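Undergrad: Sequence:
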Amino acid sequence: MSALGLKIIDSAVESANIWINEVNDHTGWDHKQRAYRLLRQVLHVIRDHLSVNEAAQLGAQLPVLIRGIYYEGWDPSKTPVTERSPDGFLAKVQEAFDTDPLGDAPAAVHAVFATLDNHVSGGEMEQVKRTFSKEVQTLFRV
Numbered sequence: 029m030s031a032l033g034l035k036i037i038d039s040a041v042e043s044a045n046i047w048i049n050e051v052n053d054h055t056g057w058d059h060k061q062r063a064y065r066l067l068r069q070v071l072h073v074i075r076d077h078l079s080v081n082e083a084a085q086l087g088a089q090l091p092v093l094i095r096g097i098y099y100e101g102w103d104p105s106k107t108p109v110t111e112r113s114p115d116g117f118l119a120k121v122q123e124a125f126d127t128d129p130l131g132d133a134p135a136a137v138h139a140v141f142a143t144l145d146n147h148v149s150g151g152e153m154e155q156v157k158r159t160f161s162k163e164v165q166t167l168f169r170v
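In the working numbering, each number is its position in the sequence shown, counted from 1, plus 28.
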């Protein structure tokens, strides 16, 4: 018997914790709440840049709870938003940290992309990355 009574729920929580812990480890932080906030914000910035079809393709590869975080608050009628500069991408990520600045924002974005690269198929991640300008793509290299 599972801790909560439903194995599927326990498994979803475990998967979400794996992702959050991985982001936390990649950043070198010891702050799971902050790692969650970073993961959530980077996923939203990516999602909002993608076409509806590409956003759905990426979402299909995410674990259940991470997928819920990814789709939270999404308005497909307002996407895709085109982001051409690394500074613009980082500014959108930084919006979730207005009272707690990221410091090394490029390294934080690298941490999320390293986690995505570990869990999402290489082909899908290449499609996602190619939707951004070459300048923004420099933020994703791990």
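Simulated from the structure, these hints should not be mistaken for laboratory data. Accuracy of the hints is not assured; some may be wrong.
[Unchecked claim] Under the rule of at most 20 Å between Cα atoms (straight-line distance), these lysine to aspartate or glutamate pairs were calculated in the DMTMM-like manner:
| # | residue 1 | residue 2 |
| --- | --- | --- |
| 1 | K120 | D58 |
| 2 | K106 | D76 |
| 3 | K60 | E42 |
| 4 | K162 | D115 |
| 5 | K60 | E154 |
| 6 | K60 | D76 |
| 7 | K157 | D126 |
| 8 | K120 | E163 |
[Claimed, not checked] Here are the in silico distance ranges between beta carbons for each label pair:
| # | residue 1 | residue 2 | range |
| --- | --- | --- | --- |
| 9 | K35 | G96 | 26 to 36 Å |
| 10 | A88 | H59 | 28 to 38 Å |
| 11 | L34 | G151 | 24 to 34 Å |
All figures in this text were calculated on a predicted structure; none of them were measured in a lab. Cβ atoms here follow ideal geometry from the backbone N, Cα and C, with glycine treated the same way.
Undergrad: Compare the structure with each hint and give your call.
TA: Here is how each hint holds up against the structure:
1. K120 x D58: Status violated; Cα separation ~23 Å.
2. K106 x D76: 8 Å, holds
3. K60 x E42: 14 Å, holds
4. K162 x D115: At roughly 13 Å apart (the allowed maximum being 20 Å), D115 and K162 satisfy the hint.
5. K60 x E154: 28 Å, violated
6. K60 x D76: 24 Å, violated
7. K157 x D126: 26 Å, violated
8. K120 x E163: Holds, at about 16 Å.
9. K35 x G96: 26 to 36 Å: 18 Å, violated
10. A88 x H59: 28 to 38 Å: 30 Å, holds
11. L34 x G151: 24 to 34 Å: 32 Å, holds
The earlier numbered hints that this structure contradicts are 1, 5, 6, 7 and 9.
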